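Working from the sequences, and respecting the hints, build out all of it.
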Amino acid sequence: MDRKIVALSETAMPAGDPARQQLADRLRDAITEGVYLPGDKLTERELCERFAASRPSMREAIRQLDGEGLLEVAPHRGPAVRAIDEAQFHELHEVRVALQKLAAACFAMRGTPEQMDAFALRIDEFEQALVSRDVPRIRATKHQLFEAFIAGARNEPLAAFIRKINARLGFLWASSMNHPNRPAESVDEFHRLLGAIRERDPEAAQAAIVLQNQRARAVGLHALELFQKRRASP
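The working numbering puts the first residue of the sequence shown at 1, with every later residue one more than the last.
Fair warning: there could be bad hints in the mix.
[What the hints assert, rightly or not] Under the rule of at most 27 Å between Cα atoms (straight-line distance), these lysine-lysine pairs were calculated in the DSSO-like manner:
1. Lys-164 - Lys-101
2. Lys-229 - Lys-41
3. Lys-142 - Lys-164
4. Lys-142 - Lys-101
[As the list claims (entries may be wrong)] Across the chosen pairs, the derived CB separations fall in these ranges:
5. Glu-49 - His-76: 35 to 43 Å
6. Ala-184 - Val-210: 17 to 25 Å
7. Arg-137 - Glu-91: 27 to 35 Å
8. His-90 - Gln-22: 28 to 36 Å
9. Ser-54 - Lys-229: 23 to 31 Å
10. Ala-207 - Glu-44: 45 to 53 Å
11. Val-210 - His-76: 43 to 51 Å
12. Val-131 - Gln-228: 26 to 34 Å
13. Arg-77 - Gly-195: 43 to 51 Å
14. Glu-94 - Gln-228: 16 to 24 Å
15. His-191 - Thr-43: 38 to 46 Å
Everything labelled a hint here was simulated from the structure, so no lab data went into it.
Predicted model, so just to flag it, every value in this text is computed and none were measured.
Even glycine gets a Cβ: it sits at the ideal position worked out from N, Cα and C.
So, in structure tokens, the structure goes:
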């Protein structure tokens with residue numbers, strides 16, 4: 001490798017400072033997992049301390065998430081997590097359903113047996129995590145489950161779009177898992193989806209996605225209404 005290139009890269013990214021993309025991913029995960037909620041104002045100082053990052057690297061991460069629609073940066077006010085209202089919630093869900101239907105069809109048509117087995121394993125791990133009631137474990141296994149699903153579609157641009165939509169709606173996930181019947185329903189829905197994928201039936205896989213999102217939409221909307229009421233109360 002050219003020594004000049006190595007020197008430039010070391011200068012641009014000091015030792016101990018997370019790589020720019022990794023930092024953006026970690027900040028995105030914090031928003032998705034509800035560490036930072038819609039409407040929360042962020043400061044560079046607090047973010048740099050939390051993620052052990054330099055200000056230039058953090059500013060790049062903030063700019064990236066601003067471009068993705070997760071953050072909004074107002075002049076002289078700093079970044080804030082972009083709020084979401086009911087109309088935006090429905091619009092995002094429409095896009096999410098369309099993208100996930102495409103991913104399900106692609107998985108059924110061209111996913112490998114190994115990818116199907118990996119998806120099945122992630123479903124089992126998610127179910128075990130629900131039984132344990134370990135929230136960090138539930139969150140991690142749910143993330144891994146979705147990653148296995150979109151990996152099976154074998155379409156990276158599609159996967160990237162799904163991740164962005166899920167990030168916008170992710171803060172509602174924890175609330176949906178507190179719904180009395182939602183965790184068990186969610187596991188059943190994933191098994192239905194897996195069965196259709198194993199049968200190489202794209203139409204059935206898409207139908208499973210539609211059913212899953214119909215239920216998730218109702219629970220998510222209720223969670224959004226509760227969140228907005230809490231934010232509006234003094």
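> Failing hints, ascending?
Replying inline: 5, 9
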